[in-house]
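Given chain H's structure and the hints, the job is docking chain Y with the ligands onto it.
Heads up: the sequence lines are chains H and Y, in that order.
Here full-length UniProt numbering is used: the first residue of the first sequence is 1, the next is one more, and so on.
Here full-length UniProt numbering is used: the first residue of the second sequence is 1, the next is one more, and so on.
In short, the hints are calculated from the structure, not lab data.
We put the CB at the ideal spot given by N, CA and C, even for glycine.
Heads up, some of the hints might be wrong.
What the hints assert, rightly or not - Ranges of calculated distance between the beta carbons of each label pair, as one might list FRET restraints:
id, chain 1, residue 1, chain 2, residue 2, range
1, Y, Pro189, H, Asp92, 17 to 25 Å
2, Y, Thr124, H, Glu26, 53 to 61 Å
3, Y, Ala281, H, Ala184, 46 to 54 Å
4, Y, Pro98, H, His87, 21 to 29 Å
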Amino acid sequence: MMVERAMAAEAALGTPEGPDHLVLSEVGMTFGTLDVIPSLSLSVRRGEMVAFLGPSGCGKTTTLRMIAGLLDPTRGRISVGGRDITHLPVHDRDMGMVFQSYALFPHMTVAQNVAFGLEMRRMAKVEIRARVERALAMVQLGHLAGRKPKALSGGQQQRVALARALVVEPSILLLDEPLSNLDAKLRDEMRVQIRSLQQQSGITAVFVTHDQVEALSMCDRIVVMRGGHVEQYGTPNEIYERPATPFVASFVGRTNRLSGRVDPSGRLLIEGRPVAAEGRLPEGAVEVLVRPHRMSLRAASEEPPAGLNSLPGVLTGATFVGDLIQATVRIGAGEITVEQLTRRRSGLPEPGSAVTVAWEAGDTMVYPEGRA
Amino acid sequence: MTAVPAVSAGRRPMGGQQVAVALLLPIALINVVGFMLPIFNLARYSFNRATVGGGIENVLTLQNWTGLLGDPFYLQLILNSVFVSLGVTLCALILSYPIALYLHRASGSWRTFLTVLVISPLLTSAVVRTYGWIAILAEEGPVVSAIRGMGLTPPPLMFNINGVFIGLTEILMPYMILALLAGFGRLDPRVEEAARTLGATPWQSFRRVILPLTAPGIALGCLLCFVLAVSSFITPKLMGGGRVFLLATEIYDQAIVTLNWPLASTLSILVLVIFGAALVAYSAVLKRLD
Ligand SMILES: Nc1ncnc2c1ncn2[C@@H]1O[C@H](COP(=O)(O)OP(=O)(O)OP(=O)(O)O)[C@@H](O)[C@H]1O
Ligand SMILES: [Mg+2]
Chain H
1 MMVERAMAAE AALGTPEGPD HLVLSEVGMT FGTLDVIPSL SLSVRRGEMV
51 AFLGPSGCGK TTTLRMIAGL LDPTRGRISV GGRDITHLPV HDRDMGMVFQ
101 SYALFPHMTV AQNVAFGLEM RRMAKVEIRA RVERALAMVQ LGHLAGRKPK
151 ALSGGQQQRV ALARALVVEP SILLLDEPLS NLDAKLRDEM RVQIRSLQQQ
201 SGITAVFVTH DQVEALSMCD RIVVMRGGHV EQYGTPNEIY ERPATPFVAS
251 FVGRTNRLSG RVDPSGRLLI EGRPVAAEGR LPEGAVEVLV RPHRMSLRAA
301 SEEPPAGLNS LPGVLTGATF VGDLIQATVR IGAGEITVEQ LTRRRSGLPE
351 PGSAVTVAWE AGDTMVYPEG RA
Chain Y
1 MTAVPAVSAG RRPMGGQQVA VALLLPIALI NVVGFMLPIF NLARYSFNRA
51 TVGGGIENVL TLQNWTGLLG DPFYLQLILN SVFVSLGVTL CALILSYPIA
101 LYLHRASGSW RTFLTVLVIS PLLTSAVVRT YGWIAILAEE GPVVSAIRGM
151 GLTPPPLMFN INGVFIGLTE ILMPYMILAL LAGFGRLDPR VEEAARTLGA
201 TPWQSFRRVI LPLTAPGIAL GCLLCFVLAV SSFITPKLMG GGRVFLLATE
251 IYDQAIVTLN WPLASTLSIL VLVIFGAALV AYSAVLKRLD
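Pulled out of the complex, with its shape left as it was, chain H reads as follows:
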């Protein structure tokens, strides 16, 4: 549900169509004998916010640190605005970074923390004071300017870190899971705040996260990473609706897996029954993925809905979760989940009874078997 809502918001905003700003070409990183990033290429447009989304250890932080200059890539090239910065020292890169641990300077006050980057740029004292004041007002921390970081809550520290990175108006903003230490309510607020600050300032941003809702709701495009390579790069809508691989499909949103075959004539069969799908299908054994909430359920005695794919199964259980009912259905040897919105008078068939599961052809995602 979260995911759907997030995508609706994203679609309304549209994506920036600027020129490429940050470009990584065949960048690789090897730690000793461990090839963490074999070869990674991607480009981020000016003013765009891109999410690096992937499971723990897939190389998100490593990639971000290479962009920031904190790690020297073993191979490849990184450029910003057409200029090669692969070997530029960190302090000349003009990037703002928000660390997962915030990394505030513990010996400085909030105001001194925020002023640090401006002082490094040798800005006039008066100007620094004005900008620090504005930056702190922006993150609603003006009243805490004189505090030391250890006297702040996690959320306040996070906002100081954000103000400190943004106040220098960097060419690129890098965020490494900046919200992972916050509670759910604050996280929601900060999402909106970060996104609106980024859009107001038109800054190019890279946002590392392993939270799909964060990626889908905040970012123009998403890089789904796995084992150091890009699994798919696209808008939240593309990633969700047309996942390039079963991994993407199951990592972003939930999904059901069914085994099928595509025969030489191009027909897709599941449990021996023909199933319609859009696009070209790979021949041979295939995996068929359908999202639980795109399926519907009815008693086997009812007429199967015309124009929809339908498969017979046995209802094995149902869980009522308020606005949803999650039903598990056995189809052949496998088990799938069907999610239906609850209505006042919609009773599910009894557990153990024969049911028909139905979905639209467009919701069928087909991948060659064994391509995890």
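Relative to chain H, chain Y with the ligands alone:
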């Protein structure tokens, strides 16, 4: 929130306190017998009169104190001691700081190996290490020969203040490194990286972030080394060749050679006063750092 934790909380400190007292008693006794009483004795001797032949006449007199504070030789001695110790501390700090910083950043078995290397000098006695330095710095030793080999005239390195300086600095470095490491706790590599991404050059990040965050370690290391330097007498005695006069060597001479215990006691109390001053300075620095 109920009565249960309240009851156990009421009982615990009692039992805990008794255990704490029982555990602290032995060390408290040792301290009283082995430390407080001797210090008290020293203080008393410093107001007694010395008699010829090493005796102590049990009369109350200010003679030791007035004689000592009125004698330019002793005033010079105090200043010498303090300045040599400060100098040695500074040298040890400058030489140890990069090592400690490197050790702090190293990881795994490399770090363990280096730490053992740093500690290993402490496994040999200062006497042995001092003789080592005498061999190295002596007139026909490798250092002097090397300087001669380069066609330069070597400065006198042994049996003067230079030798004392070099020897003490090296002997105190392990303590300095360990104290620095103990005080580097607040130095998080992420914080340095944050400074660098905000545009700080390596030097600026050192000045503005690393140095302030390591200041508690520096203060601790300096206090420790200063105290050890003021009270060390083997190295100044052996490497000074009898020509370097410091408080600790003078105490030794007065107590063991001249057998003037009241004067030795007075000097010892003076050393304690210097330590007190160092402690006051240390806590003032710590307060300012916080
Ligand atoms: N300095 C290093 N030396 C050796 N291996 C490293 C180093 N830094 C990272 N790695 C390895 O590289 C891989 C990717 O690490 P990275 O921190 O980029 O993951 P991540 O995607 O950010 O994961 P997470 O979501 O847990 O933060 C991991 O397997 C990690 O063990
Ligand atoms: Mg990470």
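Structure-based check of all given hints:
Take Y/Pro189 and H/Asp92: their Cβ atoms lie about 20 Å apart, and the range 17 to 25 Å holds. Checked against the hint of 53 to 61 Å, the pair Y/Thr124 and H/Glu26 passes, with Cβ atoms roughly 55 Å apart. For Y/Ala281 and H/Ala184, the Cβ-Cβ distance of about 50 Å falls inside the hinted range of 46 to 54 Å, so the restraint holds. Between Y/Pro98 and H/His87 the beta carbons are some 26 Å apart, a value that agrees with the proposed interval 21 to 29 Å.
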